[in-house]
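Single-letter residue listing:
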Amino acid sequence: MTALDARVLPDWAPYGAVAASAAFSAALLSAAGAFSVALLFVLTALVACVATYAWSRSVEGSRRAFDRLVTLVIVAAFCLALIPLLSLVFEVTKRGLPGLSLEFITADARGKIGGGGAAHALVGTLVITGVATAISVPIGLMAAIYLTEYGGGRLRRALTFFVDVMTGIPSIVAGLFAFALFALIFGPGIRMGVMGSAALSVLMIPIVIRSSEEVLKIVPNHLREASYALGTPKWRTIVKVVLPTAFAGLLTGVMIAVARIIGETAPLLVTTGVVDSINSNPLSGRMQNLAVYAYSEYRTPGVFKQASYDRAWAAALLLIVIVMVLNLAARLIYRRYRTEIR
Amino acid sequence: MGAAGATRVETRTGAEVSATLPGDVASKPGAVAAGSRPAKTIDVREVNLFYGDLHAVEDVTMAVEPNKVTALIGSSGCGKTTFLRSLNRMHELNPKARMTGEITLDGQDIYAPGVDPVQVRRLVGMVFQSPNPFPTMSIYDNVAAGLNLNTGRVKKSVKDEVVERSLRGAHLWNEVKDRLEKPGSGLSGGQQQRLCIARAIAVEPEVLLMDEPCSALDPVATLAIEELIGELKSKYTIAIVTHNMQQASRASDITAFFNLEATGKPGRLVEIGATEAIFTSPSEQATEDYVSGRFG
Chain S
58 MTALDARVLP DWAPYGAVAA SAAFSAALLS AAGAFSVALL FVLTALVACV ATYAWSRSVE
118 GSRRAFDRLV TLVIVAAFCL ALIPLLSLVF EVTKRGLPGL SLEFITADAR GKIGGGGAAH
178 ALVGTLVITG VATAISVPIG LMAAIYLTEY GGGRLRRALT FFVDVMTGIP SIVAGLFAFA
238 LFALIFGPGI RMGVMGSAAL SVLMIPIVIR SSEEVLKIVP NHLREASYAL GTPKWRTIVK
298 VVLPTAFAGL LTGVMIAVAR IIGETAPLLV TTGVVDSINS NPLSGRMQNL AVYAYSEYRT
358 PGVFKQASYD RAWAAALLLI VIVMVLNLAA RLIYRRYRTE IR
Chain A
39 MGAAGATRVE TRTGAEVSAT LPGDVASKPG AVAAGSRPAK TIDVREVNLF YGDLHAVEDV
99 TMAVEPNKVT ALIGSSGCGK TTFLRSLNRM HELNPKARMT GEITLDGQDI YAPGVDPVQV
159 RRLVGMVFQS PNPFPTMSIY DNVAAGLNLN TGRVKKSVKD EVVERSLRGA HLWNEVKDRL
219 EKPGSGLSGG QQQRLCIARA IAVEPEVLLM DEPCSALDPV ATLAIEELIG ELKSKYTIAI
279 VTHNMQQASR ASDITAFFNL EATGKPGRLV EIGATEAIFT SPSEQATEDY VSGRFG
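These protein sequences, in sequence, are chains S and A. As numbered in the working numbering, residues 58 to 399 make up the first sequence, in order. As numbered in the working numbering, residues 39 to 334 make up the second sequence, in order.
Simulated from the structure, these hints should not be mistaken for laboratory data. Every value quoted in this text rests on a predicted model; they were computed, and no experiment measured them. There's no promise every hint is true.
To be verified - Each computed SDA-like pair below joins lysine to any residue, with the alpha-carbon atoms no more than 20 Å apart:
hint	chain 1	residue 1	chain 2	residue 2
1	S	K297	A	K197
2	S	K169	S	N336
3	S	K297	A	K220
4	S	K291	A	K134
5	A	K220	S	R395
Next comes chain A alone, as it looks inside the complex (with noise of 0.2 Å):
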């Protein structure tokens, strides 16, 4: 796999960057569709994730589906982080880290033995909690990180090309294209967590995680990154966690509800499905509590 992934990397890169800038995203925010591609399934099936002895997510059995947003909800503890890091293989970063079951995309098992889980991270990136651009770096660098960190030269005009798009896609490019060399730790909270969503799709992946993407940032910012995952649905398949009940309602597509029985148990499962549904007629006691507020 590795030698045919990072051709096909390539290629796809050098295909994208004439389809997709005519239709420029940004400029036009509502002409997403015309940009939108067929994106990749996530099929989870009795998944058990663990830390040492401690097993932290129980039998977990759903879909990801493609261009949609899926958001994953529950109250603090019950797995969701642990539950998303396992969908591209983060969790095992962990020494003490362990999973039964299988994940698959569109098909391929994505922990079977021979699957190099650096190539799993490449086509499933991820967004992280806090905002985490790499202080070295300059605005310009860290989008082209992806591409720099894995697959060594390449050409300055592609590199411009791609940092642009992923900016614009971001919708970052009109605030910091005056200052691509300035290092991204000089950008505010929100204009860092947007740099590190374009770092994310500069590499092109083609499912994205985002675990508590807007948790440290303002409800201005949150709104502008709520809108942008919006638009990346059309290219993306999207998994977000969040603590945010408004975030998942306004967000989301479908949701994915997460509860512990008791402390000390496991983190399970209790419902999936779309998002209206789950915040107007939820099927269990346990999520129309926690969506309605009365715990958690």
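Extracted from the complex, chain S is given alone in its bound form (with noise of 0.2 Å):
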């Protein structure tokens, strides 16, 4: 036998073994009469890990079966990481889909007890999503631009460091920020949506700034070198080329950010509120958020509790459904707009 044509252990090896390893733990875990979905699956991670590795030490060498291992072990924590998220939007689905109706989608809740729908609520989660992102995404780009094509020595590193800073801010704090700032601006008991979007955006800001300035850093200098070759002006070669350059990724960085703050209910509790009608016009008066509705449907469900928890859970699915068309869309325009970058 020359070197080359070492023994190996069959394709269908791994799959064979995990799935032995989880029929053994089963009955082992019946017969000891623990059964338990969380328990079966850490024993088969377990008994998969041994066996796999004893089986392909006997066979294969030493080398090959640490190999096994670790792929294994990769395996199964990439598993554990999916569990909740699975669990999650399984739980979310199957508890939110008997709310979801047309009703629930077109009506507001206006002086329906009981009843009604989520309409005011979406449209406060746009708008004021809307209007964060409007205000977020122009700074936070001019930010990261400051900081990859202009910005030096000791302001650029103060504000790379206020801006990891800013990322760690609790949510309310950024919503008392804003309440305060329109308390003093137009005085106390002032309510309006752009408040809410004025504290969305300070939990928006820093992630826009770090993910655009890592996209821009990545456009390679040899393209900024040919633009300036041309004699082209510094402004000019951001704008046509270095920004469409890193257009495709900077996308995914906002929406990233957007997802990330569409969910926030804390600051907007304490400043948009809770309203039970349509209120589209960010500049005044209360607007509902879907995150806040799903918590004011559980907190303060009424005569009618079921339907009010159904409520909660269909908002909770319909957030849920927005990022993720919100998430489908960016990708298409991101597959559409990809450049390679060498």
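Using the hints, build the complex out of the two chains.
In structure tokens, the structure reads:
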């Protein structure tokens, strides 16, 4: 036997080992009378690791055995990370579907005891998030351009540091900041949608800066130099060469930031408040929002408790669907405009 | 200089279109002399270049002659590229870069206070080591980039003419004329480099700097670019950095040899002269050692 012609396990070996481990673990747990899905997962992972390593080591030697072991550990970690996500989507879908109806997304809740829909919250969510995005993206993008293209020395370092600090601000603090700011300007008791947008911008701007900065950094310098060598001023180089090249990445960053703030509850509770009717004007009056809607339906259900709970779950489901649609749209645009960066 | 420079570029573009198109370069490769025009001389006096504390190039005094190809040769790290980049003020894009001495373009100091580096780069174009077409732009837009990026609105008909003329000038027109709207990154390496040359000559510079333009290309593409360089010198002043000794001997009229005395010392200009003289009877021992392949 030559060195190249080593013995290897068959292709189905890893799957077979995991399946056998799962069966063995299930039998063992049932026999012990302690069957549960979580325990089954942990035990299967452990048994599969040990079994695969032993089997592979006896046939293929220690190097391949270790490779298989590490692969298995990584796959297990991935599954572990996926479990909460899948269980959350499953649970929200299961509980949210009964409450979801045409009325839910077209009617508001004004004067409807135990009924009505969440149209006002849907409109509020879109308006508040839209305004927050309109505030945050220009500011965040320009800050990122400053950091990557212009900034230097102490100011740059200070800015980066404070942006990092800003990402850690508790969202309620952002809400209180906006509340206080508008109360100082317009007097106490002021309520409008823009307050919520301002609060969300405080949370969104640092995310936009950070993601945009990373994306702008990977635009290769030779493209900037090619543009300069044509006698192009710096600002035009940034607008016409750097930003288009980074476009897909910038968009993804913005989408992540939107997804992060669209479900915010606390800062909107203190700024835009709770209301039952549709208000699409961000410059006057209270505005409802899906997360706050879900919260208040659950906290103060009224007479028809189950209907309220259903609506709260439906609102949560609607929020997840909106984020998913936004992400899908971003992915489509990303594919369309992605540029190969060498 | 700002306003004057801009209008001059425009009128020149307009005049060039009618002047050059009939004497089409690509269709009659031999007939380049007809389109010849006076180019500009770069005079370099006692130039020293630094990166922070690092003294990269020491006391270079030389001239880059008009309508000739000047090759800069020398071992890696001897400051050829740094020197080349100082000729169109690209050196200073590095925040730590400094320079002393004087560089003039037809007598005008390009480092004088009040001279806009952007204007200098419009007159002194550059082609880089690895082909770098703009990935977001089509072949057409890549060539038109200089016009689009600099002069704002240009008439479509003028743009079409400039693009065709530049692509013909770079010997690329026949290969890409049917797919001008395709992205430039879809071309082969040699085609991409010719695209970059087309992009550089589309803005009608006086001087063309080339930083090892063939180092990423195969011999066939290299030959194509070398022939192109030979034709371009009728219209431009050309300086080319190369590691390839044969390339210097084939493509250049004048050769400047740069060398380090020792590692850690700045690069110096050892010798400059007619290419034939440098390769057959150099006056310095270091030059002879280098061109005969004894070191470097």
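What are the numbers of the hints the structure violates, in ascending order?
none
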